[in-house]
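> For the sequence shown, the positions run -23 to -1, 1 to 114 when mature numbering (1 follows the signal peptide of the UniProt record, and there is no 0) is used.
Everything labelled a hint here was simulated from the structure, so no lab data went into it. Everything numeric in this text was worked out from a predicted model, so none of it was measured. Check before you lean on any hint, since a few could be wrong.
Claimed, not checked - Simulated pairs of lysine to aspartate or glutamate, EDC-like, Cα-Cα distance not exceeding 16 Å:
{"#": "1", "residue 1": "Lys84", "residue 2": "Glu56"}
{"#": "2", "residue 1": "Lys104", "residue 2": "Glu50"}
{"#": "3", "residue 1": "Lys104", "residue 2": "Asp30"}
{"#": "4", "residue 1": "Lys99", "residue 2": "Glu46"}
{"#": "5", "residue 1": "Lys84", "residue 2": "Glu46"}
{"#": "6", "residue 1": "Lys104", "residue 2": "Glu13"}
{"#": "7", "residue 1": "Lys25", "residue 2": "Glu64"}
{"#": "8", "residue 1": "Lys26", "residue 2": "Glu60"}
{"#": "9", "residue 1": "Lys99", "residue 2": "Glu50"}
{"#": "10", "residue 1": "Lys84", "residue 2": "Glu111"}
{"#": "11", "residue 1": "Lys26", "residue 2": "Glu1"}
{"#": "12", "residue 1": "Lys53", "residue 2": "Glu13"}
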Amino acid sequence: MTMKKIILILILLVNGVSLSAQSEVARLQSFLKVGEQLDCGNYSIVFKKVISDSRCPKSVTCVWAGTAEVLLEIRKADEVYEEYRIEIGSFIDVYFQLPQLANIHLKLLGLAPYPETPQKIKQSEYKVTIQLEELLD
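Please put together the full structure from these sequences, using the hints given.
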């Protein structure tokens, strides 16, 4: 067997494995403004606020990229179940497992708007991009 055929077979195998793994996960992506909630069966996820935002503004050269910290609240039957402070760094893709939702993983994909100088972002202007991944049996 030639090297080209072996490489082609390996690529097909890897793609087949990744496709089968993807079919076992249901994904839901949502954009939440401060105060909005996303329902997840018996639970809901509420984007409470941006605690801090020290991300480097677009028009500024910074030594450090900065971070933002958001507060998410998990509610059950309209009562606060748990609160989570999640820091978003230079790698915005934050993966987070919710212990009370064993088969659901939460991923923060982004926080908008991105800071610009000299404007200060109001809490009401922020929105977070959330992706929920449900692991199917």
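> Compare the structure with each hint and give your call.
To see whether the hints hold, each was checked on the structure:
1. Lys84 / Glu56: Distance of about 23 Å is beyond 16 Å: violated.
2. Lys104 / Glu50: 15 Å, holds
3. Lys104 / Asp30: The hint holds at about 13 Å.
4. Lys99 / Glu46: 15 Å, holds
5. Lys84 / Glu46: 14 Å, holds
6. Lys104 / Glu13: Holds, because 9 Å separates the two Cα atoms, which is no more than 16 Å.
7. Lys25 / Glu64: Between Lys25 and Glu64 the Cα gap is close to 14 Å, so the pair holds against 16 Å.
8. Lys26 / Glu60: 11 Å, holds
9. Lys99 / Glu50: 20 Å, violated
10. Lys84 / Glu111: 11 Å, holds
11. Lys26 / Glu1: Since the Cα atoms of Lys26 and Glu1 sit roughly 32 Å apart, the hinted pair is violated (cutoff 16 Å).
12. Lys53 / Glu13: 15 Å, holds
Checked against the numbered hints above, the structure breaks hints 1, 9, 11 and satisfies the rest.
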